[in-house]
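Novice: Take the two lone chains and join them into the complex the hints point to.
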Amino acid sequence: MTATSLAGGRILRIRRRTRTAAGSRPPRQRGDSSRSFLITLIAVLVVAAFLSPLLRSVAYSVKSIDQITQAHSPLYPADPVTFNFNGKDLPVYNVPLPDGTMRQLAIVEALRRQSTFVDPQDPTAAPIVWQGSWRTLEPVWQFAPHWENFGKVWDLIDYPRLLLNTVIIALISTIGTLISCTLVAYGFARFRFPGRSFLFTLLIATIFLPAAVTIIPTYTIFQRMGWVGTWLPLLVPAFFANAYDVFLMRQYFMTIPTDLDEAAAIDGAGPFRTLISVVLPQAWPVIVAVAVFHLVYSWNDFFGPLIYTAGKVDLQTVALGLQRFNGIYYREPGLIQAGTLMTLVIPVIAFLLTQRFFTRGIVITGVEK
Amino acid sequence: MAAPSIARPRVLPRFSGLAWRRARWGYVFIAPWLIGFVLFTALPMIATLAFTFTNINLAQAEPLKFVGLKNYETLLNDKQAWASLGITFKYMLLALPVAVILPFLVALLLHSRHLVASGVFRVLLFLPYVVPFIATVFIWQGMLNPETGWVNGLLKALGVNSPPGWLEDPGWVYPGLAMIGLWGIGAGMIVYLAGLKGVPTDLYEAAKIDGAGPWASLRHITIPMITPVIFYTVVLSVVEVLQYFLVPLVLQNGTGEPGGSTMFYNLYIYKNFFTFQNMSYGATLAWVLFIISLAVTLILFGTARKWVYYAGEAR
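Same order as they appear, the protein sequences are chains W and C. According to my numbering, the stretch in the first sequence is residues 1 to 369, in order. According to my numbering, the stretch in the second sequence is residues 1001 to 1315, in order.
Calculated directly from the structure, the hints in this document are not laboratory data. Glycine residues also receive a C-beta, built at the ideal position from the N, C-alpha and C atoms. The hints are all genuine.
Which chain C residues face chain W? A few, computed with CB under 10 Å, are given here: (1) TRP1020; (2) SER1118; (3) PHE1133; (4) GLY1195; (5) MET1279; (6) GLY1282.
Some chain W residues flagged as far from chain C (calculated, every beta-carbon gap over 10 Å): (7) VAL81; (8) PRO120; (9) VAL140; (10) ALA144; (11) PRO145; (12) LEU164; (13) ILE168; (14) ILE172; (15) GLY226; (16) TRP227; (17) ILE287.
This is chain C alone, in the form it adopts within the complex (with noise of 0.2 Å):
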């Protein structure tokens, strides 16, 4: 990270004989990634990127050649694919906050000097963390069921005469798959308590006798102090949301319903390889997610030095 430059210097050192043979055990070690890396990921990435240039198509076989930038033809004026990146980007407006603000929440009130067991409310707001994917939808979609479940149940009790029909509205759709993702806030959670208690007390102290309240110094030592892990996190969700694809899968077998509000671009992906065995143009539509996250990532890496305070970093 960030070392001072005196202490490593930019030109490596000559590596004797001796540094040598460390260094070759270096490579030995690191080989179990190293070659799973170019089987599993960039042989692959470069066959993806092949294809994008091709016709395989196993739904109706022709022979295989090289087309150009048909694909990307194809793909420019594909009115799905584009839809699809809305819906993604669409909902990505409602899932990041569930992400990235409400693990902060939560986090602060675990903080809390006056939360009495602390440790017993952690690990429970942590639990659905563990829960399979699988049955996290199941019970997610019983909670949400217009007619029996809890959510409207409550919203019934509460005097909502037409409560929403959630995961089979097109309105409300996006609410109810953000309310499923509220079960995966408990990694941000965890890592957003580590932050508050590495921020020094002595920055509090010093507020308090300058006057400041508790909002305060949220605002100007809290907030500051952890915006490495506000990024990581905001980074992390980011990539996250672009691939969404795998809760309207199992809800919806795949199908987008209802009326195609969860099409989302990677279940799109999905359905061009699985379903319609549209090999070529998937790999284009993945490609194209592919620069997209590249992009957004080093975006935020970019803004990143313009918000991020890392400790001992001069500036």
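Isolated chain W (complex conformation) (with noise of 0.2 Å):
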């Protein structure tokens, strides 16, 4: 036993404890180790299926286009190796010779029948003649990610520009989600007034309703108001609240005790103040759900932008942006594998950074309904 492992099997020990202690599942039992290594081998494995296609994503956004033409060329990034002789880039190939060993020879001259190697370790011996075909021959390969091409995207769908229009549209409408909801969801978790069980029903029902049904009329009203081709049809209806996040932040404030509301009341407080300076210091990480929430919510729409900033380049966001560079490079899958990249890395830091809040918050929009 090393130190190391011993040390190890502390940290195990003190986790285990405090599992129990939180209660949320029972203990193990001796004797379920082999198990544990069952279960969590299928999980790993569940893990790599799921996320294979991101990894597959991300190799190919460092390949080169000469790499992703070939055939047979390796799933990690990587350049065909060539070897320098009399001044000439020479392939490199891994050639099966007639005494059963494989080498990696250059090749100096590719005849149909027969080619002609060098051995690049040690060039100036003779040169070796090979009977075949060299197309049947593999390439050697060296790894080499291709990093420039996240630079190559970032100007050619000028990326700055895409960025500063998702962050300005994604801050916003957030805002205007933070400050209707929050006024929403006060009204109806701690006023009683007629009509209310119904208009909450009301605004339930509304996550059931096909976006079909009111998009013409909403269209057409805004093209009238000249409000197509601006941001403003995806800002404006933010200020209005919508179910999911009213829902979230309604179901937290009614777990708020409401003895400070009466003692601020007591206090000559009118309902905004309890709400400013009460209820919203205890509600905070429902708040920074809704946030996150609405956050990547809005960076991630796509059909918004898709209808009402058709044609405005100089509007669009790094959603749309990355549509029409897919339009116009999609014969670079590398490329389109670097914009996509660059696309999704901002809500997935931001899920990450507060992933316990975000899971929360869909915890209590879908259990409790």
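Specialist: Pasting the structure below:
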């Protein structure tokens, strides 16, 4: 036993104890380790299969177009190995020799039936003549990520402009959502008024409403108002609350005891004052959750920008820019995948930084309905 | 939800002066939503309904007139509309299990007490859910590419000589689309996981004493206890699949290729609005979709009484 494995054991024991104390799952028993191994292995395989498309995208994003067009190129980003011989870069192949060995040789003269090679290890030795078609030979590859793909995409789709547009739209609409949903959720959570439960049901029902049934009049009116081709249709509705976030905030507000509200009311605080100085300071987890939800939602939104910023290239978001880019550069999958990763990196980081709030928000909207 | 009837009187108490003042504040606070609902939901819905009785077609400008039920008559004889509806329901047969059963299985795995570092797995399995829609489509388009995609790469490695063309093959396009849908299971998984954590552990202990194995306790305890979550997932997934169209819109530019197999109902609506600019007919299709969604949702809610268990509810 080494010291590190002992230390590892101690960490494991501490973790196990805290988990039991938290009470979320029953304690593991002795003799379970083989089952743990099996279950964890299954989970690893599931995650690997589930995320393999992402891995492929990452690999492609740093591949050269030359590699992508080669039929038997490796899965990882690589360049064909060449050898500089007498001032020429000669491709290197895996050549099976008559004696049964496989050697990496540079091709000097490629003919249909036979070819001539030199050994890069020993270029001064006599050239090797090999019988057979060189086209059947596998080239030698070496790991070579082409990071410049990202730089190319950055310039080609004018990424800074798209990024700025997306950030502005996401921030303004998130502010609108936070303000409006806080007010509406507070109204539903803390006040009794005739028709409250009917209106709340109506609010929830809008979640199930197909967007197609409202889109055309809305679009037509925005067009009449001259809003199509601007950001206003993407920003203004955010200030009128939405069912998901209101529901989430209302559920959270209802868990906050009303004692402090009442104390504030006795001290003469009005409803607004109570909301700002009593309720909101206790509600920050749900505020973070709604903020991240909406940021990610707005960042990922495709249909809104598609219909409202069509043809206005300088107003478009990253998602739209990527689609336009795909229409032009679809023959260069490396660039497309680099652009794709540039689109997803910010929402993914936002999620990773706030994943606890994020998942708890989903739980509240999902389980309590 | 299920409040005991004694606690809440049926008739609302009369609002005194003070209560009225509070009630007025309630309306003030919900006003943003109420105004938004009227402007962006209620009025547009009525307008859409009104459109269905007229002849608004921006492609061929005719004087606006009331045409009665003519659009609905056209719909009855429109083969494409029915084919599209058929496509949507056919895809639903495949997409619903992906959206309802798969996240449950993954949640069961994550909930297993034998799983080491379950938090890490939870984050990794949820992660694709926040990937932008357009990125998901391009990533999976590459993954499902018949020549360079890893799905066919794996199939070839397993000895399948002529693997399917997926998104380019009318016979395989639905499984391909369902695979793209895999990255949307994150939310369902998290909700199921919370449902599983909410099942009281004493139920399992009691079942164990009675001699129930893992399969029996899954069937007789876990699944009945989380039926509310299953119900929620089913309803939301059905409504979502009925509106499915963005993926084929991006993949095939909304042409319905290969062979018309991806001309989903909602895509057909979109085409009528934004390509043919036949507003009245598009509105008619949209209202029919609304009626179908409403009917399906109501039927599901109707069946809920029979199979969804709500704790604390007298039955």
